[in-house]
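Undergrad: Position chain G against the provided structure of chain Y, taking the given hints into account.
Chains Y and G, in that order, are what the protein sequence lines are. Using the numbering used here, you'd call the opening residue of the first sequence number 24 and step up by one each time. Using the numbering used here, you'd call the opening residue of the second sequence number 24 and step up by one each time.
Do not take every clue at face value.
Treat identical chains as interchangeable: a pair holds within one or across any two.
Claimed, not checked - Once the Cα atoms are required to be at most 27 Å apart in a straight line, the calculated DSSO-like pairs of lysine-lysine come out as: (1) K459 to K187; (2) K397 to K58; (3) K678 to K710; (4) K141 to K375.
Don't read these hints as lab results, they were simulated from the structure.
2 protein chains.
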Amino acid sequence: MNLSNSQNRSRASNLKYLLAPRSIAIVGASSNAEKLSGRVLAYLQRHNFKGKIWPVNPAQSSIGDLTCYADAAALPAAPDLGVVALSPQASVKAVETLAARGARSCAVLSSGFAEVGKEGAALEQRMAQITEAHDMALLGPNCLGFFNAFDNTFSTFSQYAGGKASAGPVAFVSQSGAFGTAVAGLARQKGIGLGWFVNTGNEAALDVWDVLEAAVDDTRIEVLAAYVESMGNGRKMVRLARRAAKAGKPLVLAKVGNSAQGAKAAAAHTGALATPARIYQGVATQLGVISVADEREMLNVIEALLRAGRIRGHRIGVVTMSGGAGVQMADLAESLGAPLPDLSENTRNKLKPLVPEFASLNNPVDVTAQFIAKPEILENAVATLQSDPELDCIILWLQMMDGFGDRIAEGISKCQGTSSVPLLVTWVAANAGTRKALHNHGLATFDSGADAVRAAVAMARSSNAIALLEDEPFPSLSDDRPKSARVLATGAAAEMLAGCGVPLARSVAVNSAEDAARAVDGDQAYAFKIISPDIAHKSDIGGVRLGVEGKDVAKEVFDDLMASAKAAHPDARLDGVEVQPMAPHGVELVFGYSHHPSLGPVVMLGHGGIFVELVGGAQFGVAPVGARQAEAMLDALPAQDLLDGARGRPPVDRKALAQSFADFSNHVSLHSDALAEVDLNPVIATKDGFIAVDWLVSAAAKETEQ
Amino acid sequence: MNLSNSQNRSRASNLKYLLAPRSIAIVGASSNAEKLSGRVLAYLQRHNFKGKIWPVNPAQSSIGDLTCYADAAALPAAPDLGVVALSPQASVKAVETLAARGARSCAVLSSGFAEVGKEGAALEQRMAQITEAHDMALLGPNCLGFFNAFDNTFSTFSQYAGGKASAGPVAFVSQSGAFGTAVAGLARQKGIGLGWFVNTGNEAALDVWDVLEAAVDDTRIEVLAAYVESMGNGRKMVRLARRAAKAGKPLVLAKVGNSAQGAKAAAAHTGALATPARIYQGVATQLGVISVADEREMLNVIEALLRAGRIRGHRIGVVTMSGGAGVQMADLAESLGAPLPDLSENTRNKLKPLVPEFASLNNPVDVTAQFIAKPEILENAVATLQSDPELDCIILWLQMMDGFGDRIAEGISKCQGTSSVPLLVTWVAANAGTRKALHNHGLATFDSGADAVRAAVAMARSSNAIALLEDEPFPSLSDDRPKSARVLATGAAAEMLAGCGVPLARSVAVNSAEDAARAVDGDQAYAFKIISPDIAHKSDIGGVRLGVEGKDVAKEVFDDLMASAKAAHPDARLDGVEVQPMAPHGVELVFGYSHHPSLGPVVMLGHGGIFVELVGGAQFGVAPVGARQAEAMLDALPAQDLLDGARGRPPVDRKALAQSFADFSNHVSLHSDALAEVDLNPVIATKDGFIAVDWLVSAAAKETEQ
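The shape of chain Y in the complex, shown without the other chains (with noise of 0.2 Å):
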């Protein structure tokens, strides 16, 4: 999908019809529940749809108790829902009546469109131009349908809804239909019931995000999940997370297909290396969505927002009957870039009496398995951490202890009734009654400590990254973007950086060595560099010499420059050398803009240089970033130690250089139609600033120069 094509299709404004009908018409119904269409009606018989449902079959004149309607013209009202399972041609000339009929949304679960080539897709197309013409929702087609099961509607044919289907404050949405089906399957062994199950297939016109808003509008649903595999329109996602984070609802995305074999060749190094799970990662980041790899860890996520709230921040602590337990917990959560804090003395004195002797006391507490005789020490420990005001929350581990379950699930469950800090029970080799104990206390329950703990830091991730988020409206930028773009000349490059506010390294170009020679100063010492629109990465074939003194080296280096780069490059053109006077001596960083064709301007922030690839761990965000988002992505740079003044170099002063990033990427979003793709690499960062020494721009080419 791309923007162009979202503007002419029919959009959310009929979901509400789709999600919550009041009467809806199955076209293709069927009395064998075997088929799909078969399966819809029993399933919302089954789940008692308290709405009206309209079989439509001119093959037979009922279904059960059901009066059977030979097509969707002969309905006797207008259906808030037409759910359509027929061969592809069959759907879209149902669809058609269906419109025709005024049918306000419709489902399309038949397959058989886009996913199968040419010809579907263009079926797929006529059937989207119907209904954004009809003004109605569209979900799907290739699709397993949906299920509210707030209002009892299981128009689906999921197997899940085969089974029991309890309505939980969750809404999930996913692009898959079998792997959405086994979260949902997966979610019903947690216990955790499911508000909303929605399988949008091929997208044709609604996707996830158009769902998912229309969740943070539900005041039933609390939590918002969806399992993604194409972005599709970026925009679209940047906005719903957004009112998600201000609606206070938590976003849980599994976003897969980010193997580095997408990765778009470019000129510059922002393209390069912006990857798609790289630019995705960094934009989830940036915008507190709660990232997970897997459904094993959404549903982990799930069940600790469910049971045990919302957890603000990375400070665990950890009580545990394993000693071994806690170092690997410790070391994951570090590995995570969450280091199990230190106890305060306060709440070390406070342990002290309640533990055994030989307890430890650090973090994780180790309260051995002494705890068997005397149940209340686990107790104790557990409430005297959730007591400790620099703790976020506490995870609990236990193993085994089979006949005891009950006794210490009830006993847990008193410290999570008083007190509001995240409580996470890891309990590995639970038995099935120390399972259900656990669920009955309403506690979040994990079958490894690994889980708990990757829970608890993807959700702190989150919290901290909302605290980050600016109230300002966020501008709503149009649906175009560059059509081409072109590399511009050094000095064009130039007068367009310096109008977006970027402060250059002042330079001259010179095109003889007699000019050269008249642009250097006595005692300065200069960085010489090849003019060529033809020569990206200049060092590389000896087009860059640095630290030249004197006006004889002056003219020496001019011929030599020339030289090399003809040697190297015999068809470029060459428009001679640029003098530069050396740069201060600082952190070499780059700051890199590109028009993301989903997500539009994005901004990079990475190690410069010759760092830019090899220390690598660039950071992304969707422009403009906040002057503290712009610190969060400094701090999450991988050689921290660069920019704290290894190697002889002065530390930066990060806020500074954090709103000059903040700063850089509001000029480029204010500038995104005019620039395709920026690269001012390196920067140097001083304690006064920063300085672009070198730079590549790539305009973004009028419409009319196509």
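TA: Coordinates of chain G only, in the frame set by chain Y:
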């Protein structure tokens, strides 16, 4: 534990009496099964121990049917094993009495020893001395004991022994009691029997490696597994891993306690980069250990080994009913360094008629949900991939399918029966019936695609490494290690390195500007470096100048360097300036060596020059490493671009370079009694071999120098 202590300890000589005793004295036995020693007696009887049980308790004349003895001296014969569960003081006394009575081994379950402080440590040492003097095996203290399910010997108070405990071909050894019990509990939940379970506790004498060595020799055991917090004597780990590889018994290790805080500060890069986690990971990889992150991964690997067999390589084929799940597994496999391979034309052609028209014939093969109607689709797809000689293992992904579990499990079990290519079945949200069916058919089953991929990649990595282990006997080193070290002056270091066969960039030391001028030759460019035993990173303080040409410049640079060094380190001894022809154009690497306190000689291979810390990712191994192992280390470096000729450099000859590093590792390990630390940085690798341009050598000080 360190090497010199371990020399004083009772070794494994009487281990067989401990693990398979014909008679067991329980000192501190009790009829109360709530007490520790009461539980040992109860568990031995419950599991039908066939040998003699002799309770020892002065307060009772009998326990149940068994005669009770007043003390160990009164025993009717020398017991093969004495189990001791008394206070710390009384335990030592009991061990003494057992020794006098001729007991061949003892397991001390009591706590209150080294884990609680100095006094306890002294008691523990005393106990170890007694057992050593009497050539008794000693397990513990501070442990849960052990069981040997093959021989019905449950000498433990672990709650695991309270339930069913079938014997399986797995030896599991744990330093942690509670964590070990959790692993045993999980194994039971998976239907995996443990043959041996041994908790080594404080390891006063026997350690994890001793027990696993015994397991290598026991023909009933096929898989070795351990949970390790402290590596202890790393040489023993190395020897064990090599023996296990030779015996064809997979070694699965979960090593915790890897957080960065333990890294020692050191003058040379090798030391600074050599965090415990990195060294352990490097050595484990080199030795073909199957490294697992936690108990979950451990059990998954064990299940795969037992039910699917060893996986010989990392070419994974995936069959899935969900495209989304396939993408997720592909992402994960790629991120673990094992991207899913494309299927051959031949395999695709064979698949085509067997799967639905809309199925994806790429890897992952997405058969869609159509196999519900036609179960043979699934079997055919799996069997076709199994018959592809370019795949090493097959992962099948399914979800839910309540009611179809039996039928599907039966079908895919045929594939397992007719092919030796391992099949890992992932079944998300399987119900109890399905789980049972999978188990009954002996299929290796996982709860998530991520679990299966992780297990497969860990096993493949191990097989790849074992194929590189050389057959030649591993040098058995003395337990001696350098007591202290001193940094050698450049010249002395060069002499020592030359003796180790390291080619060095020839250089001359000069002590005056005039000598510097004499040392340079008209056309050649030189590197000038300050010589000082007190300055480790010379370039950071302006102590290095590159590209010096001409006699006048040489004079000037000499004076500059001396002045810079004096300014930066007024107290440093300055021994003049080293004048060295500029190194050949090549790839910068670092070769490192250090004498590890536990593993002995450890070598490091990494990106060199300024990239050492910035790029990171240096690889470690125990010396000597073979040429093919060295090539694997080279292939594992993070910035492969640098090796392939990034930024205008010539690519390295990997085979030649690997051979050079192997030679280096061989040389330094032969001189490991004289060398404490070597840091060749940078090493310039060219097509013609390598040359060390700068180096830092710490010699091992002789005993008498201390």
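Undergrad: Please go over all the hints and tell whether each is borne out by the structure.
TA: Evaluation of the provided hints:
1. Taking CA atoms no more than 27 Å apart as the test, K459 paired with K187 passes in both settings, with 17 Å inside one copy and 22 Å between copies.
2. Proximity of K397 to K58 under the C-alpha cut-off of 27 Å is restricted to the inter-copy arrangement: shortest distance 15 Å between copies versus 58 Å within a copy.
3. For the identical chains of this complex, K678 and K710 are intra-copy neighbours only, at 10 Å inside a copy versus 47 Å across copies, given an alpha-carbon limit of 27 Å.
4. Taking the shortest alpha-carbon separations for K141 and K375, only the inter-copy value of 20 Å comes in at or below 27 Å, while the best intra-copy value is 71 Å.
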